[in-house]
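Work out the full structure: start from the sequences and follow the hints.
Just so you know, the sequences run in chain order A and B. Using our numbering, the first residue of the first sequence is number 1311, and each one after it goes up by one. Using our numbering, the first residue of the second sequence is number 26, and each one after it goes up by one.
These are computed hints drawn from the structure, not numbers from a lab. Incorrect hints may have been included.
[Stated by the list, open to error] So the derived list for chain B, only partly shown, Cβ under 10 Å to chain A, looks like this:
no., residue
1, Met-26
2, Thr-28
3, Arg-62
4, Gln-68
5, Phe-80
6, Glu-88
7, Phe-92
8, Pro-99
9, Arg-107
10, Gly-114
[Unchecked claim] Below, computed lysine-lysine pairings styled on DSSO-like, alpha-carbon distance capped at 30 Å:
no., chain 1, residue 1, chain 2, residue 2
11, A, Lys-1458, A, Lys-1534
12, A, Lys-1478, A, Lys-1566
13, B, Lys-67, A, Lys-1458
14, A, Lys-1552, B, Lys-67
15, B, Lys-87, A, Lys-1534
16, A, Lys-1478, A, Lys-1522
17, A, Lys-1671, B, Lys-67
18, B, Lys-67, A, Lys-1672
19, A, Lys-1552, A, Lys-1402
20, A, Lys-1566, A, Lys-1341
21, A, Lys-1522, B, Lys-87
Glycine is no exception: its CB is placed at the ideal position from the N, C-alpha and C atoms.
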Amino acid sequence: MTADLSHEEILRYSRHLLIPEVGLDGQRKLKSSSVLIIGTGGLGSPAALYLAAAGVGRIGLVDFDVVDFTYLQRQIIHGTSTVGRLKVDSAKARLSDLNPEIQVDIYNEPFTSANAIQIARDYDILVDGTDNFPTRYLTNDVSVFLGKPNVYGSIFRFDGQASVFNAKDGPCYRCLFPEPPPPGLVPSCAEGGVLGVLPGTIGTIQATETLKLLLGIGTSLANKLLLYNALDMSFDYVTLRKNPNCRVCGPNADIKELIDYEEFCGIPGHKIEEGSAGDEWDVGPEQLATRLAETNPPLLLDVREPHELQISWLPNEVNIPLGILAAHLSELDTAREMVVFCKGGTRSAHALELLVAAGFKKVKNLKGGINAWAALVDPSLPLY
Amino acid sequence: MPTLYIPTPLRVYADGQSEIVVNGPIVSDALNDLVTRYPTIKQHIFNENGELRPFVNLFKGKENIVFLQGLETPISEGDSLRIIPSIAGGSL
Chain A
1311 MTADLSHEEI LRYSRHLLIP EVGLDGQRKL KSSSVLIIGT GGLGSPAALY LAAAGVGRIG
1371 LVDFDVVDFT YLQRQIIHGT STVGRLKVDS AKARLSDLNP EIQVDIYNEP FTSANAIQIA
1431 RDYDILVDGT DNFPTRYLTN DVSVFLGKPN VYGSIFRFDG QASVFNAKDG PCYRCLFPEP
1491 PPPGLVPSCA EGGVLGVLPG TIGTIQATET LKLLLGIGTS LANKLLLYNA LDMSFDYVTL
1551 RKNPNCRVCG PNADIKELID YEEFCGIPGH KIEEGSAGDE WDVGPEQLAT RLAETNPPLL
1611 LDVREPHELQ ISWLPNEVNI PLGILAAHLS ELDTAREMVV FCKGGTRSAH ALELLVAAGF
1671 KKVKNLKGGI NAWAALVDPS LPLY
Chain B
26 MPTLYIPTPL RVYADGQSEI VVNGPIVSDA LNDLVTRYPT IKQHIFNENG ELRPFVNLFK
86 GKENIVFLQG LETPISEGDS LRIIPSIAGG SL
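Listed below in structure tokens is the structure:
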């Protein structure tokens, strides 16, 4: 059952109606379709904007965060005027302005095992615009259990990946990545950075694949993984196949219902990373300031990348980036008291683990990193 | 000799190289060549038992070596190997 178009809609979508692959029938299909976009961030922004502009009749948005100033570099659905507002409210306002003909349903909550099936069951397609492993595995498993395609996109610095999982008897995300990396082995964009336009490219590809699936046209990215590199401006593909041992979509699948994805990944999915190594290992900025004023102050080990020192640095610090720390342990004195820090306390917490495993005992983590130091001790330093 | 493409997240462990020429008649030799030259990359590719980590995918050309002969997959002059890691995006 497809919906009719009003004269105003026919005018609005006239450039679509001129394409034989879309036409009036295709546009009606889009109006009768529904897409759930999980995450209204870097990927979800362009995906939602283009799907709304294209006339997808009902768009669901799941997010639980509020718009932060640092999001605007890439999350183009939001604006300076909506900083501090709920992301789903900010996104809905923008989409409704772009296309008041469509329905936008918002879910201001984390996407979890408790609510995911309930939220996703009434949509035709899921778009994975998430930013963490637990929610990616959850989104995949929901798409498998509900039998809906999962339009996938992921980014890091200048690299992007995109695919269509669980469509046309094709592989799912778990067929390619049966298990997530252990916490800390893959740096996040929050710590590793990302070119702002990169999620724009990948999110737009996700929107394209979604429209093709809804319209039933073209060749989808099912059974393929698109690999994009912005620096080389290269697009490459590899072939994906169903994994006969896949635990959710294989013939002997043993995961039949949603699980605890945070436990599965060993990391929090929807909780905000606090940059803590645990109470017994943390030192707060004020506490560190007191220690530094005493005789025999601790060594300050900065595990950030060298270019970050141009933004902020602490006097007398020693800089050994996390990535090469293991190879430089011999340069450090195991007997010396040491405080490890980074931008927000996450990389330094991993560095601390590495140091403790190597026999260092007098090590602490600067909770919240140099940003917390800038906020609480030295406001002359910028936050980034 | 085959070329091994290194993804951005792992380049920091390989002197920033995006691709290196590797030696060996089979995939495991090529990877051993890589980790011998760049020892800190080893823990990101292999687990404690020397097996490829489950979140690291290695492709020869367009095909995942899992669907070829795994680490025993033969490689030759002109072949391209590509490590494809899991990337998640914003949060950890």
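Hint-by-hint comparison with the structure:
no. : hint                       : result
1   : Met-26                     : violated, 20 Å
2   : Thr-28                     : violated, 13 Å
3   : Arg-62                     : violated, 13 Å
4   : Gln-68                     : holds, 8 Å
5   : Phe-80                     : holds, 5 Å
6   : Glu-88                     : holds, 6 Å
7   : Phe-92                     : holds, 6 Å
8   : Pro-99                     : violated, 18 Å
9   : Arg-107                    : holds, 7 Å
10  : Gly-114                    : holds, 4 Å
11  : A:Lys-1458 with A:Lys-1534 : holds, 17 Å
12  : A:Lys-1478 with A:Lys-1566 : holds, 20 Å
13  : B:Lys-67 with A:Lys-1458   : violated, 37 Å
14  : A:Lys-1552 with B:Lys-67   : holds, 28 Å
15  : B:Lys-87 with A:Lys-1534   : holds, 9 Å
16  : A:Lys-1478 with A:Lys-1522 : holds, 13 Å
17  : A:Lys-1671 with B:Lys-67   : holds, 25 Å
18  : B:Lys-67 with A:Lys-1672   : holds, 28 Å
19  : A:Lys-1552 with A:Lys-1402 : violated, 36 Å
20  : A:Lys-1566 with A:Lys-1341 : violated, 33 Å
21  : A:Lys-1522 with B:Lys-87   : holds, 24 Å
Violated hints, listed in ascending order, are 1, 2, 3, 8, 13, 19, 20; each of the other numbered hints is respected by the structure.
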